[in-house]
Amino acid sequence: MDTVLFLTILIVIFALAFDFINGFHDTANAIATSVSTRALKPRVAILLAATMNFAGALTFTGVAKTISKDIVDPFTLENGSIVILAALLSAIIWNLVTWYFGIPSSSSHALIGSIAGAAISAAGVGILNYSGFIKIMEALLISPVIAIVGGYIVMTILRTVLKNRNLFKANRRIRYLQILTAAIQSFTHGTNDAQKAMGIITMALIAANLQTGDDIQMWVRIAAATSMGIGTSIGGYKIIKTVGGKIMKIRPIHGAAADLNSAAIIFGATLLHLPVSTTHVISSSIMGVGSAQRVKGVKWGTAKTIVITWIITMPISAIVAALLYQLLILFF
0 MDTVLFLTIL IVIFALAFDF INGFHDTANA IATSVSTRAL KPRVAILLAA
50 TMNFAGALTF TGVAKTISKD IVDPFTLENG SIVILAALLS AIIWNLVTWY
100 FGIPSSSSHA LIGSIAGAAI SAAGVGILNY SGFIKIMEAL LISPVIAIVG
150 GYIVMTILRT VLKNRNLFKA NRRIRYLQIL TAAIQSFTHG TNDAQKAMGI
200 ITMALIAANL QTGDDIQMWV RIAAATSMGI GTSIGGYKII KTVGGKIMKI
250 RPIHGAAADL NSAAIIFGAT LLHLPVSTTH VISSSIMGVG SAQRVKGVKW
300 GTAKTIVITW IITMPISAIV AALLYQLLIL FF
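Its first residue numbered 0, the sequence shown is counted upward by one per residue in numbering that gives the first Met the number 0.
Every clue listed holds true.
Taking CB as the label site, the calculated pair distances span:
1. ILE133 to ARG171: 43 to 53 Å
2. LEU179 to ILE152: 16 to 26 Å
3. THR75 to PHE5: 15 to 25 Å
4. TYR175 to VAL124: 44 to 54 Å
5. VAL144 to GLU77: 33 to 43 Å
6. ILE152 to TRP218: 39 to 49 Å
7. LEU4 to TYR129: 27 to 37 Å
8. ARG293 to VAL124: 39 to 49 Å
9. TRP218 to LYS162: 50 to 60 Å
10. LEU326 to ILE178: 45 to 55 Å
The set of hints was computed from the structure by calculation and includes no laboratory data. Since this is a predicted model, take the numbers as computed values, not measurements. The C-beta atom is built at its ideal place from N, Cα and C for all residues, glycine as well.
Produce the complete structure using the sequences and hints provided.
What follows is the structure, given as structure tokens:
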């Protein structure tokens, strides 16, 4: 079998594996609040998330096109297939390590850092498409800040609206609302996160001269959506525990506020064709909601651990991907 074709097949397999892992790694982000408030049983929440993730993944392709061309140009990428394979392996390793320890890290940061690291290892810093890379970095860095502020505002509004209501009765009704917000959040997760694997596969097809444009082929969309849906159906209970309870004690009103805020931000980024970290956005929304309720009610020790993980994910992923590229180039 031709080496380039073999590498392309490997990339498709590992890209779908990344999407599968992303499914159970990031599922917690979309459903953690509804599970922690007992609005949904874990298995029901996971099945709901899997269905809505699949639907969201099939609906949009703008983020996939951004991933496929705005970090590096696949048409000029030397040893492009090996670069992409190294990036995928690095992102998968990081996702599995953080999942094992129950840390809600960013799959987006891991993948983007890995692509940059592998590409620089192959062709130097000049290979990066800096205008596109900076645009992606801005979206990744600004979105958590917007999520904290938005969570604070949404929670403040809800507290004002419900201040004269019986809180017990209000929470019972809001639990029903959380079913809707969990579904919306899972849908928006699919519209953004599943497209990252689609973009990687498209990069591989272009690098192997099997595709000339950046259009996302239908089989790629279906395969990525299915892989994420299956991964989501397995669930990530360790991360559900962290996001759903270790940041703050979540009641239905908090969960609904965090879900609505984060879903709006993620979907807005999707419409702008920008990849954002659903992990960052959702965790930050919970912090913002908690701060509006009571600043001391937020478990800032857990939040600190999450933030540190956010900071170190991209450079570590880049270094691992660079080393993996140098290792893979010896075999191919």
